[in-house]
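Visitor: Going down the list, the protein sequences come from chains D and U. Going by our numbering, 1290 is the number at position 57 of the first sequence; the sequence numbering is gapless. Going by our numbering, 694 is the number at position 121 of the second sequence; the sequence numbering is gapless.
These aren't lab readings, by the way, just hints derived from the structure by calculation. A few of these clues could be false.
[Stated by the list, open to error] Some residues of chain U that are not near chain D, with every Cβ distance over 12 Å (derived):
#	residue
1	K585
2	I593
3	R603
4	Y604
5	L628
6	E665
7	V668
8	E685
9	A686
10	V709
[To be verified] Below, in silico cross-link-like pairs of lysine-lysine (DSS-like), each with a Cα-Cα straight-line distance of 25 Å or less:
#	chain 1	residue 1	chain 2	residue 2
11	D	K1297	D	K1239
12	D	K1255	D	K1288
13	U	K585	U	K714
14	D	K1239	U	K585
15	D	K1288	D	K1270
16	D	K1287	U	K583
17	U	K650	D	K1270
18	U	K714	D	K1280
19	D	K1245	U	K585
20	D	K1239	U	K583
21	D	K1245	U	K719
22	D	K1283	D	K1245
23	D	K1270	D	K1255
24	D	K1280	U	K650
25	D	K1239	D	K1283
26	D	K1287	D	K1245
27	D	K1287	D	K1297
28	U	K714	D	K1288
29	D	K1245	D	K1280
30	D	K1297	D	K1255
31	D	K1239	D	K1255
32	U	K714	D	K1270
33	D	K1245	D	K1297
34	U	K719	U	K650
35	D	K1270	U	K648
36	D	K1255	U	K648
37	D	K1255	D	K1245
38	U	K585	U	K650
39	U	K719	U	K583
40	U	K719	D	K1255
Glycine included, every Cβ here is placed at the ideal spot set by N, Cα and C.
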Amino acid sequence: MQNTIKVERAIKNMTQADLAEKIGVSRQTINAIETNKYVPSTILALKMAKLFGKKVEEIFTLEKGD
Amino acid sequence: MRSKLLLPSKFKWIGLCLFIPFLVLGILNRYNDFQLDFLTIVREHNNILNPVQNLTDELSLTGSIISLLMIAFAKEKHEDEFIYHSRLESWEWAVLINFILLLLACWIFYNEAFIDVMMYNLLTPLIIFIIRFNWVLIRNKRSEEKN
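So here's chain U without its partners, still in its complex pose:
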């Protein structure tokens, strides 16, 4: 991947520090109906949208996606052609595994549960990429230590 598209390497840690609170917020919101009161908006003259809406879910999803993008698109300390190659290969894996999981989920989950699956599916390509890419780097580092 051209380094033009990549962020400085410190974004990996910034992203990680942001992702955890946004994920927790999202989970609390989804399963415990937790809402941040200051994010409630009231629309007085609107017949189409819900007049009262809380934006906690929007905030947690936006924050989770942006922080995962930061982790996925952060440069490695030493960017070179092997890292570039591993990165592209990891995207390939991420897309493939993501769709395999989605196909399985399509047959296993129904109704409300499928909405949950679709929500997680918004994050899984990035998560699978991050896991696979870092796993390649760690595996290589281990064999480096052996040699």
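Chain D on its own, in the form it takes in the complex:
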């Protein structure tokens, strides 16, 4: 699964730490998601989408093989 969190963060001018604090996780988690090492739970995905004012599927997209 791919995601555009890094881009969304840049648009909102947020650091990984800012985003982490707003959705109540550690900065490590945001970094792991951005580098595709970890697929977030639905809850976390929904929280991020809400924060960026977008739909979940605009931020997260399936890749071949998913």
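Use these hints to put chain U onto chain D, whose structure you have.
Guide: Okay, now just chain U, sitting in the frame of chain D:
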């Protein structure tokens, strides 16, 4: 892992501080026959168990296991779903690697040496878990610094 099962994060350091002396005690006991005299017990009316026994080996093994459990089950400062996920994945790795090592040891070591292997094997699942889990966190932290 549910945080109910986890200990406060300071136990990581308490465990580490306890593990080293217990490990050294265990190694000295096993290879240099070092014994703490006050741990010698005498059983006067017992025909089954050895009448005189020293509990240094029991103490060092118990201490090593408990201190490793403290390290393995200590919370991270910020517990969240990624840490939870990494923790479960690390247990999976630990069990798998442990049994691969055990299978190899089963074919490589014999007699007295195999008893040593079995003794280390009591600690290896916890040690492999601790190494793998912390390695995941450190690796992630490094890539965080790069970004």
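Visitor: Against each hint, give a clear statement of whether it holds in the structure.
Guide: To see whether the hints hold, each was checked on the structure:
1. K585: The claim holds: U:K585 sits with its nearest Cβ about 16 Å from chain D, beyond 12 Å.
2. I593: With a cut-off of 12 Å, U:I593 remains clear of chain D, as the shortest Cβ separation is near 27 Å.
3. R603: holds, 39 Å
4. Y604: holds, 40 Å
5. L628: holds, 43 Å
6. E665: Non-interface label stands for U:E665: nearest chain D Cβ at 15 Å, farther than 12 Å.
7. V668: holds, 21 Å
8. E685: It holds; U:E685 is separated from chain D by about 44 Å at its closest Cβ, greater than 12 Å.
9. A686: At roughly 40 Å from the nearest Cβ of chain D, U:A686 sits farther out than 12 Å, so the non-interface label holds.
10. V709: violated, 9 Å
11. D:K1297 <-> D:K1239: Given that 25 Å is the threshold and the Cα spacing comes to 21 Å, the pair holds.
12. D:K1255 <-> D:K1288: holds, 18 Å
13. U:K585 <-> U:K714: holds, 18 Å
14. D:K1239 <-> U:K585: violated, 33 Å
15. D:K1288 <-> D:K1270: With a Cα-Cα distance of about 22 Å, the restraint between D:K1288 and D:K1270 holds, given a limit of 25 Å.
16. D:K1287 <-> U:K583: violated, 40 Å
17. U:K650 <-> D:K1270: holds, 21 Å
18. U:K714 <-> D:K1280: holds, 23 Å
19. D:K1245 <-> U:K585: Violated, at roughly 37 Å.
20. D:K1239 <-> U:K583: violated, 33 Å
21. D:K1245 <-> U:K719: holds, 21 Å
22. D:K1283 <-> D:K1245: The given pair, whose Cα atoms are some 13 Å apart, holds under the 25 Å limit.
23. D:K1270 <-> D:K1255: holds, 21 Å
24. D:K1280 <-> U:K650: holds, 22 Å
25. D:K1239 <-> D:K1283: holds, 15 Å
26. D:K1287 <-> D:K1245: holds, 12 Å
27. D:K1287 <-> D:K1297: holds, 23 Å
28. U:K714 <-> D:K1288: violated, 29 Å
29. D:K1245 <-> D:K1280: Answer holds: D:K1245 to D:K1280 is near 15 Å, not above 25 Å.
30. D:K1297 <-> D:K1255: The given pair, whose Cα atoms are some 31 Å apart, is violated under the 25 Å limit.
31. D:K1239 <-> D:K1255: OK: D:K1239 and D:K1255 at ~15 Å, within 25 Å.
32. U:K714 <-> D:K1270: At roughly 12 Å apart (the allowed maximum being 25 Å), D:K1270 and U:K714 satisfy the hint.
33. D:K1245 <-> D:K1297: Given that 25 Å is the threshold and the Cα spacing comes to 29 Å, the pair is violated.
34. U:K719 <-> U:K650: holds, 22 Å
35. D:K1270 <-> U:K648: holds, 21 Å
36. D:K1255 <-> U:K648: At roughly 22 Å apart (the allowed maximum being 25 Å), U:K648 and D:K1255 satisfy the hint.
37. D:K1255 <-> D:K1245: The given pair, whose Cα atoms are some 13 Å apart, holds under the 25 Å limit.
38. U:K585 <-> U:K650: holds, 11 Å
39. U:K719 <-> U:K583: violated, 28 Å
40. U:K719 <-> D:K1255: holds, 22 Å
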